[in-house]
Amino acid sequence: MSAWSRQELLISVVADLLAGCRHVAVGAASPIPGSGALLARARSGGEMRVSVLGSTRNNFFTNGGVELFDCAAQGRIDAFFLGGGQIDGQGNINLVGTGQYPVSDVRWPGSFGSAYLYFLVPRVILFREEHTRRVMVEKVDFISAPGPRADGTYRVGGPHALLTNLALFDFDKTCRRFVLRSVHPGHTLEEVLDNTGFAFDRPAQVPATPAPTPETLSAIRGPIAGEIAEVYPHFAATAFAATA
Amino acid sequence: MSAWSRQELLISVVADLLAGCRHVAVGAASPIPGSGALLARARSGGEMRVSVLGSTRNNFFTNGGVELFDCAAQGRIDAFFLGGGQIDGQGNINLVGTGQYPVSDVRWPGSFGSAYLYFLVPRVILFREEHTRRVMVEKVDFISAPGPRADGTYRVGGPHALLTNLALFDFDKTCRRFVLRSVHPGHTLEEVLDNTGFAFDRPAQVPATPAPTPETLSAIRGPIAGEIAEVYPHFAATAFAATA
Amino acid sequence: MSVIRSLDQLAAAVPDGAKLAIPADYSGVAMAATAALIRRGVKRLHLVCVPVSGLQADMLIGAGAVETIETSAVTLGEFGPAPRFVDAVRCGAIRLKDATCPAIHAALQASEKGIPFMPLRGIVGSDLLANRSDWKLIDNPFDANDRIVALPAIKPDVALFHAPLADRDGNVWIGRHRELMTMAHASKATLVTVEDIRDESLLADEAMAAGVIPALYISGVAEAKRGARPLGLWDRYGSEDEFLRAYVERAATRDGFNRVLADWLGRPAVAAE
Amino acid sequence: MSVIRSLDQLAAAVPDGAKLAIPADYSGVAMAATAALIRRGVKRLHLVCVPVSGLQADMLIGAGAVETIETSAVTLGEFGPAPRFVDAVRCGAIRLKDATCPAIHAALQASEKGIPFMPLRGIVGSDLLANRSDWKLIDNPFDANDRIVALPAIKPDVALFHAPLADRDGNVWIGRHRELMTMAHASKATLVTVEDIRDESLLADEAMAAGVIPALYISGVAEAKRGARPLGLWDRYGSEDEFLRAYVERAATRDGFNRVLADWLGRPAVAAE
Numbered sequence: 000m001s002a003w004s005r006q007e008l009l010i011s012v013v014a015d016l017l018a019g020c021r022h023v024a025v026g027a028a029s030p031i032p033g034s035g036a037l038l039a040r041a042r043s044g045g046e047m048r049v050s051v052l053g054s055t056r057n058n059f060f061t062n063g064g065v066e067l068f069d070c071a072a073q074g075r076i077d078a079f080f081l082g083g084g085q086i087d088g089q090g091n092i093n094l095v096g097t098g099q100y101p102v103s104d105v106r107w108p109g110s111f112g113s114a115y116l117y118f119l120v121p122r123v124i125l126f127r128e129e130h131t132r133r134v135m136v137e138k139v140d141f142i143s144a145p146g147p148r149a150d151g152t153y154r155v156g157g158p159h160a161l162l163t164n165l166a167l168f169d170f171d172k173t174c175r176r177f178v179l180r181s182v183h184p185g186h187t188l189e190e191v192l193d194n195t196g197f198a199f200d201r202p203a204q205v206p207a208t209p210a211p212t213p214e215t216l217s218a219i220r221g222p223i224a225g226e227i228a229e230v231y232p233h234f235a236a237t238a239f240a241a242t243a
Numbered sequence: 000m001s002a003w004s005r006q007e008l009l010i011s012v013v014a015d016l017l018a019g020c021r022h023v024a025v026g027a028a029s030p031i032p033g034s035g036a037l038l039a040r041a042r043s044g045g046e047m048r049v050s051v052l053g054s055t056r057n058n059f060f061t062n063g064g065v066e067l068f069d070c071a072a073q074g075r076i077d078a079f080f081l082g083g084g085q086i087d088g089q090g091n092i093n094l095v096g097t098g099q100y101p102v103s104d105v106r107w108p109g110s111f112g113s114a115y116l117y118f119l120v121p122r123v124i125l126f127r128e129e130h131t132r133r134v135m136v137e138k139v140d141f142i143s144a145p146g147p148r149a150d151g152t153y154r155v156g157g158p159h160a161l162l163t164n165l166a167l168f169d170f171d172k173t174c175r176r177f178v179l180r181s182v183h184p185g186h187t188l189e190e191v192l193d194n195t196g197f198a199f200d201r202p203a204q205v206p207a208t209p210a211p212t213p214e215t216l217s218a219i220r221g222p223i224a225g226e227i228a229e230v231y232p233h234f235a236a237t238a239f240a241a242t243a
Numbered sequence: 000m001s002v003i004r005s006l007d008q009l010a011a012a013v014p015d016g017a018k019l020a021i022p023a024d025y026s027g028v029a030m031a032a033t034a035a036l037i038r039r040g041v042k043r044l045h046l047v048c049v050p051v052s053g054l055q056a057d058m059l060i061g062a063g064a065v066e067t068i069e070t071s072a073v074t075l076g077e078f079g080p081a082p083r084f085v086d087a088v089r090c091g092a093i094r095l096k097d098a099t100c101p102a103i104h105a106a107l108q109a110s111e112k113g114i115p116f117m118p119l120r121g122i123v124g125s126d127l128l129a130n131r132s133d134w135k136l137i138d139n140p141f142d143a144n145d146r147i148v149a150l151p152a153i154k155p156d157v158a159l160f161h162a163p164l165a166d167r168d169g170n171v172w173i174g175r176h177r178e179l180m181t182m183a184h185a186s187k188a189t190l191v192t193v194e195d196i197r198d199e200s201l202l203a204d205e206a207m208a209a210g211v212i213p214a215l216y217i218s219g220v221a222e223a224k225r226g227a228r229p230l231g232l233w234d235r236y237g238s239e240d241e242f243l244r245a246y247v248e249r250a251a252t253r254d255g256f257n258r259v260l261a262d263w264l265g266r267p268a269v270a271a272e
Numbered sequence: 000m001s002v003i004r005s006l007d008q009l010a011a012a013v014p015d016g017a018k019l020a021i022p023a024d025y026s027g028v029a030m031a032a033t034a035a036l037i038r039r040g041v042k043r044l045h046l047v048c049v050p051v052s053g054l055q056a057d058m059l060i061g062a063g064a065v066e067t068i069e070t071s072a073v074t075l076g077e078f079g080p081a082p083r084f085v086d087a088v089r090c091g092a093i094r095l096k097d098a099t100c101p102a103i104h105a106a107l108q109a110s111e112k113g114i115p116f117m118p119l120r121g122i123v124g125s126d127l128l129a130n131r132s133d134w135k136l137i138d139n140p141f142d143a144n145d146r147i148v149a150l151p152a153i154k155p156d157v158a159l160f161h162a163p164l165a166d167r168d169g170n171v172w173i174g175r176h177r178e179l180m181t182m183a184h185a186s187k188a189t190l191v192t193v194e195d196i197r198d199e200s201l202l203a204d205e206a207m208a209a210g211v212i213p214a215l216y217i218s219g220v221a222e223a224k225r226g227a228r229p230l231g232l233w234d235r236y237g238s239e240d241e242f243l244r245a246y247v248e249r250a251a252t253r254d255g256f257n258r259v260l261a262d263w264l265g266r267p268a269v270a271a272e
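Taken in sequence, the protein lines are chains S, P, F and U. Per numbering that gives the first Met the number 0, the first sequence starts with residue 0, numbered consecutively. Per numbering that gives the first Met the number 0, the second sequence starts with residue 0, numbered consecutively. Per numbering that gives the first Met the number 0, the third sequence starts with residue 0, numbered consecutively. Per numbering that gives the first Met the number 0, the fourth sequence starts with residue 0, numbered consecutively.
Incorrect hints may appear among the rest.
[Unchecked claim] For lysine-lysine, the following DSS-like pairs were computed, each having C-alpha atoms within a straight-line distance of at most 30 Å:
(1) F:135 x U:18
(2) U:135 x P:172
(3) U:18 x U:187
(4) P:172 x P:138
(5) U:154 x F:154
Keep in mind that the hints were calculated from the coordinates and are not lab data. None of these values were measured; they are calculated from a predicted model.
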């Protein structure tokens, strides 16, 4: 058993991906992205804001549900997280369902704000823990939010990275393809290839995702554990190798 | 000397024009329309709302300066008052200035919300005390807000009446002309004709504007005098033959 | 005329076939009024979820009250999928107007402003746009090389929600939950349930007034203590998590839903304190 | 980094040539900051009056600081016409963008929503539209027989206003004066003067929070006691009517304006209590 949990690795990767952001928005039901954002904020020395949507205490918005979206369109949100029941190799994401539409085989909740924020937030991090051919498909059945296209549409945002339980990908907006950046410790390139339904680019030598440093682990478990527990109490009780 | 002041007559006429309205908006610097609205509200038995713009105490809006205009567009304002440095026979009004534009001979403050509310509030009452050929012109030098036209533009609002120190006109939206309804007591049709720069229709016999009834006068001077004084203190101190 | 009503009077004010705007589960859902609506057998609703829904939409769908749903998502969040919604979609039993959150907000703002449509960024290239014949891709009149989505205004017949406070004039305090104010501005009628009705005007204090929907927009107010339960109300009270967990499980079948609904409708109202 | 600044630091943060959004005389005008701006000799401003202005615009025009004014009116209300504005118009000394109140609000809302334009009813057939080459009459995409005005978004470089309260994080309380929030959302930077700066967060209490512009939008806050004087601040304090009466009279000539301006700039600041 490693000295850190799967969640702690993902939190560490998320925090690295958010370095330099001034304002990160996360969902109240997104504990790993949220914890990563709180870690990034702690590292920023007060330069980063984190807005936790749907919470009262960590919600700094005062203009109702529209404000997140207006704020993104104003260029005031640097990073956001999107998931997807299906994610394909062009960066299209599907939050609606499989099979036909509207009478789906499997129906998921719906597209939420994805069709908008994916165009307007510069660093959209696709975060989906499950890394299987069921999720990582060649072509999504329904495009809730499209990956970047060369159609001239106004777009300042889009996929910045794809983070799963197995690996971390960058997205190349010119080629419109994912590029494998690293495979998480304990997993292999073959495992990633076997479980990915779309083609992607990769370097000749694929590095391992850096494990959380002792400093990062002690930050997660120490000074910011309380903050995480305040925002994500259920999560904090189970996810950490050691919780304050 | 009559038993009522000029202001009391105009307040009485305004209140009659507002009968049946559910919601009337008036400016904080419009004491005669405002007093007429308060009188109409008192008569309505609680069925009429009056919003006094720019005041804190009589302002029931909570969404900032845009709310009056949104509210009008929603169909929630039945009557409003507009003035004009010039008013012409087609119901065009000019709040900008005389002569050329933009370098005017005489420059007035500007169009305020007229170019919008004139289209969206069903009963716009044009209220201008001065009734001279300087004001009532054949054609305005600048159209801040146009009278009704047959150009297919979406328009549920427009001129309902024109009230001056001399007379009361209706506006015929089909013919797009003013129709003299009555001449105020103490004034004559000739006086109106001499002082009006535009052509207008009139009945064979032009009636006199009904003088305020004793009930109306006692309402103005009695129960609602206090309300008027609260909203328009400077005006209340001078306008009434007797103030409580 | 007073705007204070009973729950049954509120329910009677939502006609069959109404376009009904409802807020998200975290934004003040009028569940007690929803029970009254279901009891009165409301039919053919066109739900406009602002911008998503959960338990309320699922129960109305399960009760056969919904013909069309316009929403960015329906989910019971951490408790799981919305079972009657998912089942109705798979059977083709309801008409779907899948949207994205800011599009619903913007279309309500168009109604608020009395404009026929609102332009909005994003959306282009999605299958949402491909399936929404009422959304159009138009030229930006200020840039010949730019196209943008135009969303027609959504003007609900009725907005229905739950809030902490009203006064006897019909002013309603919604604090920071400004989407409720947009719903009221955008809708023809607005019905509200509240925890408490105060005698003093909510507009008397400028701090409170900043979070008030003026009575001008409010058609009816009914007192309903714990009126959002089994959902929560902001920082006032939490949701009944056990109920929600059991609901997701029991409502997986139509029969199970009918039983959980009957149990819920049979609950005694919360007594006034 | 703290957002708390001095008045001179605020004034230095408004560059020459800035598109500067300012509120109406009744909505919280940063007059103390305006004095600092005039002292620093700001030039070539493009004023966006939301939706009208009075003393502030007139003084800035008189001081030679304004190149363009976009407004629905400039007036000192009951005290009379705005003398330096009227004179500048008659001399052709400033560029005029005459507007109508809801068009300015809507164009700021377009910027707030990050959309290139906002459609708006009315205006058609007015000489405002005829003289605004930046406003367009477009087809309603949802009705072939309907045309509507499209207003390009107004994105000010700086919004500047005065409010009662801020906290040390930079949250600013504006209560019901919601146009100030729209200005902040729509502008690249927002500078605010306040009567008081509190240590406790204005977001801590939900009633206060409903009327707060979050620090996210605020670039700088300076304390300025009676910072709206000689204008008033809502229900907090009234305007100095004698000053305004004398101003309208004295500023009728350029020399008279220069003297009244010099007198005003020479006034001692209001001491902290």
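For which of the previously enumerated hints does the structure constitute a violation, in increasing order of number? 1
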